[in-house]
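Novice: As a plain string of letters, each chain reads:
4 protein chains.
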Amino acid sequence: MIKLKMGMIGGGIDSFIGDVHRKAASLDGMIDLVCGAFSSTAERSITSGKELFLPEDRCYNNFEEMILAEKKLPEKERMDFVAIVTPNHLHFAPAKMALENGFHVVCDKPMTLTLEEAIELEKVVKSTGLLFALTHNYPGSPMVKQARAMVKNGDLGKIRKVQVQYLQGWLATSVEKTGQKQAAWRVDPEKSGIGGALGDIGTHAENLVEYVTGLQIEELAADLGKFGADRVLDDDGNILLRLENGAKGTMSFSQIAVGEENNLAIRVYGEKGSLEWSQENPNQLITRWLDQPKVIYTPNGNNLYPDSLGASRIPAGHPEGYLEAFANVYKHFAIHLHAKLSDKEIENPDYPTVSDGVRGMKFIYASVESDKKNSAWIKLE
Amino acid sequence: MIKLKMGMIGGGIDSFIGDVHRKAASLDGMIDLVCGAFSSTAERSITSGKELFLPEDRCYNNFEEMILAEKKLPEKERMDFVAIVTPNHLHFAPAKMALENGFHVVCDKPMTLTLEEAIELEKVVKSTGLLFALTHNYPGSPMVKQARAMVKNGDLGKIRKVQVQYLQGWLATSVEKTGQKQAAWRVDPEKSGIGGALGDIGTHAENLVEYVTGLQIEELAADLGKFGADRVLDDDGNILLRLENGAKGTMSFSQIAVGEENNLAIRVYGEKGSLEWSQENPNQLITRWLDQPKVIYTPNGNNLYPDSLGASRIPAGHPEGYLEAFANVYKHFAIHLHAKLSDKEIENPDYPTVSDGVRGMKFIYASVESDKKNSAWIKLE
Amino acid sequence: MIKLKMGMIGGGIDSFIGDVHRKAASLDGMIDLVCGAFSSTAERSITSGKELFLPEDRCYNNFEEMILAEKKLPEKERMDFVAIVTPNHLHFAPAKMALENGFHVVCDKPMTLTLEEAIELEKVVKSTGLLFALTHNYPGSPMVKQARAMVKNGDLGKIRKVQVQYLQGWLATSVEKTGQKQAAWRVDPEKSGIGGALGDIGTHAENLVEYVTGLQIEELAADLGKFGADRVLDDDGNILLRLENGAKGTMSFSQIAVGEENNLAIRVYGEKGSLEWSQENPNQLITRWLDQPKVIYTPNGNNLYPDSLGASRIPAGHPEGYLEAFANVYKHFAIHLHAKLSDKEIENPDYPTVSDGVRGMKFIYASVESDKKNSAWIKLE
Amino acid sequence: MIKLKMGMIGGGIDSFIGDVHRKAASLDGMIDLVCGAFSSTAERSITSGKELFLPEDRCYNNFEEMILAEKKLPEKERMDFVAIVTPNHLHFAPAKMALENGFHVVCDKPMTLTLEEAIELEKVVKSTGLLFALTHNYPGSPMVKQARAMVKNGDLGKIRKVQVQYLQGWLATSVEKTGQKQAAWRVDPEKSGIGGALGDIGTHAENLVEYVTGLQIEELAADLGKFGADRVLDDDGNILLRLENGAKGTMSFSQIAVGEENNLAIRVYGEKGSLEWSQENPNQLITRWLDQPKVIYTPNGNNLYPDSLGASRIPAGHPEGYLEAFANVYKHFAIHLHAKLSDKEIENPDYPTVSDGVRGMKFIYASVESDKKNSAWIKLE
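Residue numbers (our numbering), protein chains in the order written: chain Y, 1 to 381; chain V, 1 to 381; chain P, 1 to 381; chain G, 1 to 381.
Just so you know, these hints were derived from the structure itself, not from any lab. Among the hints, a few may not be true.
[What the hints assert, rightly or not] Derived Cβ-Cβ restraints for the label pairs, each shown as a range:
| # | chain 1 | residue 1 | chain 2 | residue 2 | range |
| --- | --- | --- | --- | --- | --- |
| 1 | P | D155 | Y | K344 | 48 to 56 angstroms |
| 2 | G | A184 | P | D155 | 27 to 35 angstroms |
| 3 | Y | T178 | V | S127 | 52 to 60 angstroms |
| 4 | G | G246 | P | F53 | 47 to 55 angstroms |
[Said to hold, decoys possible] Calculated pairs, DMTMM-like style, for lysine to aspartate or glutamate (alpha carbon to alpha carbon, straight line, at most 25 angstroms):
| # | chain 1 | residue 1 | chain 2 | residue 2 |
| --- | --- | --- | --- | --- |
| 5 | Y | K96 | Y | D350 |
| 6 | G | K3 | Y | D19 |
| 7 | P | K226 | G | D155 |
| 8 | Y | K158 | V | D230 |
| 9 | P | K344 | V | E51 |
| 10 | P | K5 | V | E219 |
| 11 | Y | K181 | G | D28 |
| 12 | V | K226 | Y | E271 |
| 13 | V | K226 | Y | E276 |
| 14 | G | K340 | Y | E276 |
| 15 | Y | K379 | V | E219 |
| 16 | G | K5 | Y | E369 |
| 17 | V | K3 | P | E244 |
| 18 | V | K373 | Y | E218 |
| 19 | P | K177 | G | E271 |
| 20 | P | K50 | V | E51 |
| 21 | P | K50 | V | E75 |
| 22 | Y | K3 | G | D57 |
| 23 | V | K272 | Y | D230 |
| 24 | V | K50 | P | E219 |
| 25 | G | K3 | Y | E77 |
| 26 | G | K226 | P | E345 |
| 27 | V | K272 | Y | E280 |
| 28 | V | K272 | V | E218 |
| 29 | G | K372 | P | E345 |
| 30 | G | K50 | Y | D32 |
| 31 | Y | K272 | V | D230 |
Just so we're clear, the structure is a prediction, and the values are computed from it rather than from any experiment. Ideal Cβ positions, reconstructed from N, Cα and C, are used throughout, including at glycine.
If we strip away everything but chain Y, and leave its shape as in the complex, we get:
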């Protein structure tokens, strides 16, 4: 067996998320970065590649060049898949081209700029039969996997209520006007699409709800806010949720919640039990019960489901965090890809796919429509 070979699109040095993808991909020693089109300028792309110990001839000027050049390399040498870590408006074209040229894809979220692109991309993935992973990283956490398994196994009974929040404060002031690149593209509809915070973090919250409960959001009623001066996209939102099984809930997200760092948290209430998880304190799962005191699960601790145990790398009490959860997306994708390259048919071991990406885009579109209609209920189909 040999290591999988990754090419990267975007993610030049100084990029936040590119570095995260590289660390996540390398953590388990199953993936090597072999090439990249790291930047919109050839020079920056090469500089980035060199810092990453890549040979210059594998640092490309743009993704088209990379895909075509790599395709011509011998199979043992060329990349197996691309990781797309660009802003939203630059997801669709490289993903489609990579797939159409035989390369598997790992893509950052939200999946595309528009819902139309998302639906088209789903078709391309299906028609090519290649693998596509969307990097919703939070389901990679061992305690989120335990939460999902508990719901799936009926421990909580029928789900009745969900609360999810994703609160950040980094856009509380107009940092996009200070040259902060991360902020600049996120508040620009040309690059972000029709959702601001909605697309950037709301989709994480939506994905987490559907992943943990195993239920789809059927309809929603949204009230979006634009608190930052001159912003055209939302930087805050409050949403009522109704799930397919009759459960109800709330979602609140914000990038103007002063002082909040990355406060993603979920609570799920069933007929028999309930659970609570928070991303900033990820190494515990709080559960509550009709007739029992509160029980706190910990990664690799007592009484966990196999899916959760499989997501930990080190013994109980040794905290794992954001990168490790992110790495689990890559790990599960790598396991799937290894099997595929060995002509073994296995099920998706547990990473988000193009369908999750389409759900995310539908969520964005329904939320924006609801907000325009003064919070009318809108279905996600």
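With chain Y fixed as given, assemble chains V, P and G onto it according to the hints.
Specialist: Here is chains V, P and G on its own, set in the frame of chain Y:
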């Protein structure tokens, strides 16, 4: 100076809230219980009174008898005020009669069965000029007072976002069918009014938002749930909020949130800072800031506003809880009443009044109307 | 049945602990304050009494006068017991005189100035057959009672290890030189005895260990610190513990631990399970197990032992604190005294007695001796 | 610049700590694993190497063979340093041989089996001038670095008091008799040395105290426990500490603390402020102050010192854990080694060295001696 004399309506032994009122009233040594109409049956009323060390002739068969009999007693002997601790449908009549016979009133929440009653009661209070306290106890907590003072003094800047929740799980199953008296009247619209959990705990959440922010809820969009079998009143609710200054928010309350005990919590986000308080861990106020690390205030600790310091009885690090916060309502009412009985004019030292009661009823009515209209936005006026 | 009548020695207005005793005694409506010798000056004593709504003729110039005068009153009128809330050097004389004149006693801790006094007082209590309660308040907490019951019932298995700490920071600077009365007498060996922080808070830690584990501290090795300028008594200490069953442990206490408020916490490890409780967050008991995830108990919550349930006044999720725990000492004392006054023989319902006071003094003496011998192991007998 | 090349001694598949070292070394993309002597049997060594994608000719039968063979390889190809991840008794020989053959060393802790070995190894390191890193990983945490920087900069004032604990429960039962390999060698003095839990985790606690305070432990008084059946080495310990500046403290460690996972925690109290950090919740540093409320620092958050900021990889609110802290040891070692290989003289960027290893061995020896002398005070020199 002599102690204030309290008569109680409702609150026989085995009543939860009657005992709470008595403990709260007695904690600071300013109030003596002197008489009561504790129960709907004369015998139970006397039994209760005896256990409370009252002479039999001050244990009355009903509130009418008590009010008339006490009125005839010499001023030095007769009660100064009544505490009404009955279910909702038995608030209005005794409150009105007490006021009209010259007795000040402390009344449990929600204030009345209907909005009409609430509005009429407000008129009676104003016309008699007597004191009326509504026992929203959570504003009595030292950290809630610190929160309010910080907002009032502009420490947080303009308020943009509010999250409030009040989660309980004790009605997750049909306990009202098992002879549980507390549950039975709460799910009965004849006794509770048009709101179930909405009136019982939603009003606490509403009051807390308006108390801490100093802002009125202007309109709301509600989605109420009835998860318990055969319930006609809500036992769960999710509400979008818009405050008078343009801030937005969410409220979620539930009595079917399995395993939750009494989880009232609030977060308020301004332009410069934010704060977070939880009733189950009441002895800290978490604050977050644009350019500073998180700061945690504690009761009687460093750097508090006077309103907060005045609400603590013991040194920092010595936890106070539910009863102490409740007792602060009585303490502030007692201070006001002492002044009034001494013909001194002072401002309300800081206890909820009949106006807060009217706000609560408007909140209930707007929520039910919004829910009927599939979560349309409804104004609170 | 009538209310019990309490006379107070010490505790004039502005006293911290006097006010705590009065609130604790009044909370459950079983005890009335009827008289007091509140201060060393007659004038202050009367002023204090008036603020407490007492008639002037029940405000005495000193404890001798009070005991003798009350003894002459008719049985229905005179006090049933005295509460002694003076500094340590003023515990023994009034306690002894009260007992010898037929009055039961509630006394603050540490019990006496010297070990000799403690041993003599124990004899007086035994010879008079009267009740004597020592106000170690922390065992009054519902979660401490649950902890004790779990150990007693063998849930944790044989105890192997104990950690206890009591950390405060209020003597970190020389506040005794600024006119702070609470500090002044505590650093003065004439008034405090041979232990500083050792007697003031170390005894609470010692008592908590023995109460929760049901095991006596057999021997200890102490290293005391005097960090405040010019202090002659310890303001900090670290102690190795060996319990009678072979368990080992540590104790750390301090009044110079900057920023700590009242951080008393205990951990107990047995062969099968362990538990953790913290006074500043008293409404949870954390338990850990060989083969189960962590379980968190809450007052009046699921699966508690009767002793714990009996110590709560309000439903789960409604926090009780320091005063309520303190009030449980008075409540249990009052139940015992009621029975005794009705000539019923009952066991001590669960309040600390003169024997706990002797243990505390032995702990102080052993610690000081060990410290003088450079932390040699000293037995507590 | 090219990647550093690492050879590994020990750490075959199924080894806990070997995998940790590999993940830590690879996280930042600066180090490649190029060879290994992973196991005591040649076959297992090769199997392990293959799973790690190594060519068979770089999988050696033992460390002697590896060191000699690698030495003969061209400089561009041969390993730059060895990582020694064997049980304690197999640290000294390979470390010495590697150094004497020109290879830099990363070594797990405790550094050696005996104090004599430690002192000799320190001499070898000094005489060869090569780099030696000891993998005390906890100082790699961003909040520990902030703690150290705050002490160093005098924010806390003169240090007066330290509490440190390291509690685990995995040896609460006799798992060493069930074939658990991790347990088996740890309870065997032939492989562990004279300290059991003392060497395994006590040294971490000792190192953390000295790292954070910048002060040496001058003397200690230890009471060690052997609670597990038939154990000859300690599995529990309680120690009084005196630091070189007059500060006092306690240490408690255990591997029989049932239910504890990896509970390393430290508190440091100075004259002006104090701090608290816990390994299981590593992404916060709690600080307390004379005249300010509690302040909580978070990694990459507001107001941190540069040393702390440099230890984070991702934005505030994105938790990093055990592996990331461990990786910081490798990262700082790699930066130092890069510089050295480029003939640049730089200071140790901040990783533990052979001197820390000697301190750890002195701590073990002093503790065992003190315990034998019934907890007499023993100096660490």
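Novice: Between D155 of chain P and K344 of chain Y, does the C-beta distance stay in 48 to 56 angstroms?
Specialist: Roughly 49 angstroms apart at Cβ, these two residues keep to the hinted range, so it holds.
Novice: Within 25 angstroms, alpha carbon to alpha carbon, are K181 of chain Y and D28 of chain G?
Specialist: 23 angstroms, holds
Novice: Do G246 of chain G and F53 of chain P keep their Cβ atoms within the hinted range of 47 to 55 angstroms?
Specialist: 52 angstroms, holds
Novice: Is the Cα-Cα distance between K3 of chain Y and D57 of chain G 25 angstroms or less?
Specialist: With a Cα-Cα distance of about 18 angstroms, the restraint between K3 of chain Y and D57 of chain G holds, given a limit of 25 angstroms.
Novice: Given the hint that K3 of chain V pairs with E244 of chain P, does the C-alpha gap stay at or below 25 angstroms?
Specialist: 52 angstroms, violated
Novice: Do the alpha carbons of K3 of chain G and E77 of chain Y lie within 25 angstroms of each other, as the hint requires?
Specialist: With a Cα-Cα distance of about 20 angstroms, the restraint between K3 of chain G and E77 of chain Y holds, given a limit of 25 angstroms.
Novice: Need the status of pair K158 of chain Y, D230 of chain V: alpha-carbon distance at most 25 angstroms?
Specialist: Holds, at roughly 17 angstroms.
Novice: Given the proposed pairing of K379 of chain Y with E219 of chain V, does the C-alpha separation stay at or below 25 angstroms?
Specialist: 24 angstroms, holds
Novice: What's the verdict on K226 of chain G and E345 of chain P, does the C-alpha distance respect the 25 angstroms limit or exceed it?
Specialist: Between K226 of chain G and E345 of chain P the Cα gap is close to 46 angstroms, so the pair fails against 25 angstroms, i.e. violated.
Novice: Is the hinted pair K96 of chain Y and D350 of chain Y satisfied, with a Cα-Cα distance of at most 25 angstroms?
Specialist: 23 angstroms, holds
Novice: Measure nothing beyond the straight line between the CA atoms of K340 of chain G and E276 of chain Y; if it is 25 angstroms or shorter, mark the hint as holding.
Specialist: 49 angstroms, violated
Novice: Just to be careful, I want the Cα atoms of K344 of chain P and E51 of chain V compared with a cutoff of 25 angstroms; is the pair within it?
Specialist: Satisfied, since the Cα-Cα distance of roughly 19 angstroms is no more than 25 angstroms.
Violated hints, listed in ascending order, are 10, 14, 16, 17, 20, 24, 26 and 29; each of the other numbered hints is respected by the structure.
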